[in-house]
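Please build the complete structure, drawing on both the sequences and the hints.
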Amino acid sequence: MTEQNPSWQRQLVVPILAVVLGLLAGALLILLTGDNPLTAYGGLMAGSLGSAEGIGRTLDKATPLVLGGLAVAFAFKAGLLNIGGQGQLLLGAVFAAWAGFDFDLPAIVHIPFALVIGGLAAALLGALSGYLKAKRGTHEVISTIMLNFVAANFTEWLVSRDGPWKDPDGGAIARTPAILPSAEFPRVGELPTGFLVAVLAAVVIWWIVARSTLGFEIQTVGANPNAARYAGISVPRIIIIAMTISAFLAGLGGAIQTQGVIGRFEPGFNTGLGFDGITIALLARTNALAVVPAALLIGGLDAGSTLMQSRTNVEPEIINVIQAFILFFVAAPSAVRWLLRLRNAADEPEVQLAGGWGA
Amino acid sequence: MTLTKTLKGNTATIVGLIAVAVALSASYLWDDTQTTAVAARTVREAAPLILAGLCGLVGERSGIINIGIEGQMLLGAFCGFMAASYTTNALGSTVSLLAGVAGGVAVASAAGWFLAWTAIRLRMDQIIAGTVINIFAIGATSFFFVQGRTMPTVPNWPVPGLRDVPLLGRMLFDHGPLTYVAMLAAVLIHIALFHTRWGLRTRAVGEHPGAADTVGVNVFRLRYLNLAAAGALAGLAGFALLQSASAFNRGMSNGKGFIALAVMIFGRWRPMGVFGAALLFGFFNALQAQLQFKQALDVPPQFFGMIPFVLTIAVLALAGLSARPPAASGQPYDPD
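Protein chains in written order, with the working numbering: chain A, 1183 to 1541; chain B, -5 to 330.
What the hints contain is simulated information worked out from the structure, not anything from laboratory work.
Glycine included, C-beta positions come from ideal geometry on N, C-alpha and C.
A couple of the hints might just be wrong.
[What the hints assert, rightly or not] Label pairs and their in silico Cβ distance ranges: (1) 1206/A x 143/B: 22 to 32 angstroms; (2) 1416/A x 188/B: 38 to 48 angstroms; (3) 1405/A x 205/B: 26 to 36 angstroms; (4) 1492/A x 80/B: 27 to 37 angstroms; (5) 207/B x 1393/A: 40 to 50 angstroms; (6) 1215/A x 186/B: 39 to 49 angstroms.
Rendered as structure tokens:
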């Protein structure tokens, strides 16, 4: 996972093969249900890349995925697995909505204000997981998953009948009021500006990891906590910081979803983002810059699935299955080699998280 | 093992049991109907958690972390439902339910074998491998799900005579078959793990595979077999969900596979500990449901929904520091 990998071409081999094999596995499933995989994938392509509108939709879908992928990739660097992206995203989305409808500010202040409020709300949730891990030894996988359910219930309550942020004009619909136009991310043609924020975040995270002292400390803790401790790094501090930043990123993803796509908060969108983030982070080999194309790929699959369904009756859930295969192949380069009888890739970096619950 | 030694070794458990017994009796004297309802529901809600927690326990005792229990349960419930549903007309309801159990167990068990394969053969990170199972299960079960199918209802099996004992009868002896299976499984696995050759070998493989290898235990073979067996338990857990819901729903495991991991940790990787911890979580769920049903408190339902998850975190934060997992859990074993 460090920077001393062979060459970038070599590094591309496994992710690309993983995607190809994942799509092949999906094609087999589509065949099984009696549909034509070529028509299905044709619909997928047309829906995601076939028109300016489709490309805009792909970028919309990819935006929270870039940030969710960054969240997972960044935590990975510290040896942590943040599966809480879903809950963190929900908090980010609902708090950005609140900042968007309850405050009246000029756009130049309002947009970043709502964005940061959303990010900070999520960051608190991540800090809690980090604290529990660092001080109480509670494994972050468990705590982040549990907090996903807590966040789902909490955000649902906020906009429910008795909730404080319920849209008074919404009737029975559980949702917040629409955010003010001054909090909305503008679109330039079909290009959503929220996507640019996500790309900027990727660059910043890449810089933090590769160039800053904090990044060095995080990578040291991730590689070997004992060595980090002997080198004078406070491991609990790094764990809390890494989880906080990671959750902040996921929160930004939710905030942009509210400010750039939906225009308010409604419960029950983007369920599964936490898992998508893992696939994307691994596909990108936890490199922050590579997260962007990986998220575009998964976002494109998602964006095209509706057209695919209308052309062939293939359920959009096939995307999840394809993702599981991609994740499998990308996490197990040896499986790809074994399947394709490839030789000599012995120096392939395997992703290895810390095992055990206590550490 | 002498009686005194047993008593001394389990002081905490015995104190806990006495406390529960006292609380139950007091509550029963105060309000017998509600106490009986909550007690019965506690055991019913605990059943899938016991089975799923045991699945995680057998895996970790053999040295493999299983975070894919959620997915295994979902696969078990889905395949069990499909198998029972498609065979009802041909086989009749009883046999088709058995076919359902067999189908669910087989598929969840295969997922366990897959997890072992990724850990042993591919040396893949076990947490990621488990996540693959979870994503695949969510996707595949939704993809193949057909709305509107039905399956036969899983019958209730009240034990004649015992069922009529006040409180305890409804609590322990008036359940569906899988609830009994769950309680029995905890006892049997406890005996197997601590009093048989298989158990000794399994614990050795989970604590120090190198040493086990040296004395002639086939580490890899045992891990494959145990993970497949553990998967069967997760399949039963999935079918236990159908026992109360009697139809498959998308994502019906609803986090129970993850709560099972908390149950396993809180139960200190011991089968009877898992049993007790699962009852505790079952109790939280039952209490939550009863309070909500009775509308005893003016609290929004979403806050009741949070209770099990908040308590899981609280329990782990309090118990986590002193709990120690099997030493080799999560580590790939390299014989060289």
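Evaluated hints:
1. 1206/A x 143/B: 22 to 32 angstroms: Given range 22 to 32 angstroms: holds, Cβ gap about 30 angstroms.
2. 1416/A x 188/B: 38 to 48 angstroms: Once the Cβ atoms are compared, 41 angstroms apart, the range 38 to 48 angstroms for residue 188/B and residue 1416/A holds.
3. 1405/A x 205/B: 26 to 36 angstroms: Since residue 1405/A and residue 205/B have Cβ atoms about 28 angstroms apart, the given range 26 to 36 angstroms holds.
4. 1492/A x 80/B: 27 to 37 angstroms: holds, 29 angstroms
5. 207/B x 1393/A: 40 to 50 angstroms: holds, 45 angstroms
6. 1215/A x 186/B: 39 to 49 angstroms: For residue 186/B against residue 1215/A, whose Cβ atoms are near 42 angstroms apart, the range 39 to 49 angstroms holds.
Against the hints set out earlier in the document, no violation occurs for any number.
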